[in-house]
Amino acid sequence: ETGVTQTPRHLVMGMTNKKSLKCEQHLGHNAMYWYKQSAKKPLELMFVYNFKEQTENNSVPSRFSPECPNSSHLFLHLHTLQPEDSALYLCASSQIAGDSYEQYFGPGTRLTVT
Amino acid sequence: AQSVAQPEDQVNVAEGNPLTVKCTYSVSGNPYLFWYVQYPNRGLQFLLKYITGDNLVKGSYGFEAEFNKSQTSFHLKKPSALVSDSALYFCAVRGQGAGNMLTFGGGTRLMVKP
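Those protein sequences? They're chains A and B, same order as listed. For the first sequence, our numbering begins at 1 and goes up steadily by one. For the second sequence, our numbering begins at 1 and goes up steadily by one.
If you're looking for bench data, these hints aren't it; they were derived computationally from the structure. Take the hints with a grain of salt, since some may be wrong.
When the alpha-carbon atoms are kept at most 20 Å apart in a straight line, the in silico PhoX-like pairs for lysine-lysine are as follows [what the hints assert, rightly or not]:
{"#": "1", "chain 1": "B", "residue 1": "Lys58", "chain 2": "A", "residue 2": "Lys40"}
{"#": "2", "chain 1": "B", "residue 1": "Lys22", "chain 2": "A", "residue 2": "Lys41"}
{"#": "3", "chain 1": "A", "residue 1": "Lys19", "chain 2": "A", "residue 2": "Lys36"}
{"#": "4", "chain 1": "B", "residue 1": "Lys58", "chain 2": "B", "residue 2": "Lys77"}
{"#": "5", "chain 1": "B", "residue 1": "Lys58", "chain 2": "B", "residue 2": "Lys22"}
{"#": "6", "chain 1": "B", "residue 1": "Lys77", "chain 2": "B", "residue 2": "Lys113"}
Source: prediction; values computed, not measured.
Chain B with its partners taken away, still in its complex shape (with noise of 0.2 Å):
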């Protein structure tokens, strides 16, 4: 079984600061992941994904991830945020034998204050 955890329900972060969403995750063999961003009223919309090669993988409107196979974990990133970045940020993973399924984590609610 493939699962996700995303363990902050919030992250609070000011304007123009870095800021960290979290993620991590638990398959069989090597994990295909996976960011989403949802603004209010709309569908996920697909940020970036990693399959293999280079850790650190870098997706739409200036935000990256960094893939650690140690930690299972796949944290999105950004040096500096936006008010506009505020919206809902969904991990999902992809392990071996699981065809097309996606696994989503519960979503992380990202605000960003001025």
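Chain A with its partners taken away, still in its complex shape (with noise of 0.2 Å):
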């Protein structure tokens, strides 16, 4: 997992603040994502980003907002958010090349609304 880091770990925030979650990739990879994980449901795929454009929104409400300033990073900023986004954040990054597609995930950031 010391591939794709992510930090904070765990965050607890209400619902009127402003946060952002950070992503750093160590494996020269190309496109990164991020996922959503609630309990008892599917993994969501919220933003997808290939050589730092954004490819995919996945019907994103727009107080998440992602930010990719190179291959290598990816944040996700947080504003006005409601209890039910409380959840793991995932992000994943890989490599768009040959036959690549697997994608290697960071820890996760637990994130809290209260």
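Assembly of the complex is requested from the two constituent chains, each provided in isolation within its own frame, with the hints serving as guidance.
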């Protein structure tokens, strides 16, 4: 898991706060992803960045704002969240080349919205 | 559209016995298939993948998976289960034309009892 790191590992925030999640990949990959994992729900793809360009926004509410300044870093900016946004947020990366479609995940940020 | 089904929410097996975690898929064209494992409060960890070639794929920690094209299945197997194998297992698929998008199944919890 050291190939993809996420900070913070745990975050508690109020509904009026603004916070950011950070992801960094050390694998030389050129694609990065944000997923949401809620209890008893399938893994939900939120955003995809290929070569720093956003290629997928899976109908995510605007209170979630991604940023990808370079191919190694990915942020998820959070504001005015709702309690139902409490979940494990996972970052992943992969290489877009040949047959290497497997994604490598970070440990996640456990977010609690109070 | 591509989809994955993991028909069992939970699989229980005694330590030392063989285990099977089931996965079926639906995609256009030839599938790329993946298995991941998730331990508590951790991200998903890549176990193995099938792209082409031998239908039996070997992966990490003694796990293997068998690709069956006629049954559109990719079941995960291990000859002898360990208590430490207890975790959440996810199957994922990428179909033709899906770019770098993976579709994940809902997950199967494996419980290995001593």
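Against the structure, the hints:
{"no.": "1", "hint": "B/Lys58 - A/Lys40", "verdict": "29 Å, violated"}
{"no.": "2", "hint": "B/Lys22 - A/Lys41", "verdict": "18 Å, holds"}
{"no.": "3", "hint": "A/Lys19 - A/Lys36", "verdict": "16 Å, holds"}
{"no.": "4", "hint": "B/Lys58 - B/Lys77", "verdict": "10 Å, holds"}
{"no.": "5", "hint": "B/Lys58 - B/Lys22", "verdict": "16 Å, holds"}
{"no.": "6", "hint": "B/Lys77 - B/Lys113", "verdict": "17 Å, holds"}
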